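**Student:** We have chain P already, so just place chain X on it with the hints.
In the order they appear, the protein sequences are chains P and X.
Its first residue numbered 814, the first sequence is counted upward by one per residue in the numbering used here.
Its first residue numbered 24, the second sequence is counted upward by one per residue in the numbering used here.
I should point out that these hints are in silico values taken from the structure, not numbers from a laboratory.
Wrong hints could be hidden among the right ones.
As the list claims (entries may be wrong) - Result set (PhoX-like, lysine-lysine): computed pairs, CA atoms no more than 25 angstroms apart in a straight line: (1) X:LYS333 - P:LYS917; (2) P:LYS977 - X:LYS242; (3) P:LYS953 - X:LYS333; (4) P:LYS884 - X:LYS242.
Since this is a predicted model, take the numbers as computed values, not measurements.
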Amino acid sequence: MKNKHLNIDHISMEFPTPDGPYVALRDVNLDMAKGEFVSLIGHSGCGKSTVLNVVAGLYKATIGGVVLDGKEVDEPGPERAVVFQNHSLLPWLTAYENVELAVKQVFGRAKSKHTKSKAEMKEWIEHNLHLVHMDHAMHKRPDEISGGMKQRVGIARALAMEPKVLLMDEPFGALDALTRAHMQESLMEIHADLGNTVIMITHDVDEAVLLSDRIVMMTNGPAATIGEILEIDLPRPRDRVELSSNAKYNHYRHEVLQFLYERQRRPGEELAADEKDDDSSPELKVVKTEAA
Amino acid sequence: MKFSKTSVFTEEQYSVFIRMYIFPLIAVALFLGLWSISASQVQTSLGQLPGPTAVYEQASNLVDEHVAAREKEVSFYERQEKRNAAKLEKNPDAEVKIRPYTGKATFFDQILTSLVTVFTGFIMASLIAIPIGIITGLSNDLYRSINPIVQLLKPVSPLAWLPIVTMVVSAVYVSDDPMFDKSYLTSAFTVMLCCMWPTLINTAVGVSTVDKDLINVSKVLRLGWFTKVFKIILPSAIPMIFTGLRLSLSIGWMVLIAAEMLAQNPGLGKFVWDEFQNGSSNSLGRIMVAVIAIGIVGYMLDRGMLMLQKKVSWDKSVVLR
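Here chain P stands alone, though its shape is the one from the complex:
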């Protein structure tokens, strides 16, 4: 077993509803090593986001808990930075100011462990925006830049907190296929450079296989849990074009698709419905109509 960096320890989650508690998660258990990239994949409503929110500290698990570096997670904090699905930038601030808000909060206070001076902070903000290739639009506001650029700034903001764990909730779900591919490349670069531990939720099978060290496949809710875990043993750096003809890659892809569409096929779900999308890439898409 790998050393325990992040330990999602047998969490169950119930939400109170007027008709009694709704069990969203049951006994989700996962250990992660430092620097590992894990994808959560599963059908909509299977509780992927719930897992992420528990790790982020935004939800409190009904049973079980999350331990990061030997400390229990009981509230949200910058060491577990979240990249939200719809970027969640403050629309009245520029890209720079959005990152600045995070940097000031983490490094700007006298009592924090690693304080930075004003000049250092400026450099750090610019460095992070550079990392996501946003130098040219640093002083633009979210409504002046494209969806992909917004998501880049969202990632820069998360990275600038120097998080131990980066939590990404379908970060590229709202982007077109080409932009998504660019963003995946950037993310691989950044992950190779910084070695953050990453948990990413995705609906996209190719994305999961391309990026992850492990793919965690979740069963359908209610009472969703981890169905299977797939180790992706592909050498890095990975190249999507090369991989497309790689037998191992296609095997992993096939495994995930099989899990999603044969073992965890939702009752009444018709694959044909997805074929109507003409803007989507030819790859098989998993329910993309609604967020988990």
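**Tutor:** Chain X in isolation, oriented as in the chain P frame:
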């Protein structure tokens, strides 16, 4: 852009021009015609109901009166200065008195008084309503608690408030050397009581409907209460707050006229009331001038707020009108 001698406008510009200017002009012309015809059918005890031409005459009278009053004022001060200078020449130690001009307020002075009064009430209302709105917006329980009170007080007419406000002002504001007229305070407070509700409600709603993701961002960043309120909640509530402020100001302006009539604050409301009591053959015309002036000022106040809103709004994609 290229101009040719034969056609200044392209076909499209031409049709835009017609839609933008000609259509509204036709509507105004029709309105004036209808007004003129129907006014001529009505005989009141103060003579015929004035049509557009009579009103226009009265408007220019009011302008003339204003100009004449200003001239009188200027010459009054000139005379006073001359007199004082002559006095000082005779005896350098003489005590000179400078008396302020106390002529009758003109129509335009009254508009100014009304504006000052309405802004006093409006600003007081905003200073109360915005903080309360923020605090109630932040807590559902607090919102539920004060909501019945707000809903109860919101529809109360200014005419019902006025006697109470008058009595309270007379009782509380006792001073040998009053800085403000009681009529001014009474009108301003009545405006305040009537126009604070839209701002309060809209602020509360704006604050309580901040995007949940942005709240999550503030949680992940562990922002303190003040930073959260000032960096995240207030900016996202700004559009709603401004909607409230605009509603408040237009309500305030409507309320003000009624309040001034009864409180005898020397603004447009008093002007209308005095002309009504005066009952000369010109009175109805002058009142109608006041009606139009009230409309124009109200419109300009709203436009002013809209411009301010556009200036502070971060969301330039929203069409404000």
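**Student:** Take the hints in turn and mark each one as holding or not.
**Tutor:** Going down the list of hints, with the structure as the test:
1. X:LYS333 - P:LYS917: Cα-Cα ~29 angstroms, so violated.
2. P:LYS977 - X:LYS242: Holds, because 17 angstroms separates the two Cα atoms, which is no more than 25 angstroms.
3. P:LYS953 - X:LYS333: Status holds; Cα separation ~18 angstroms.
4. P:LYS884 - X:LYS242: 19 angstroms, holds
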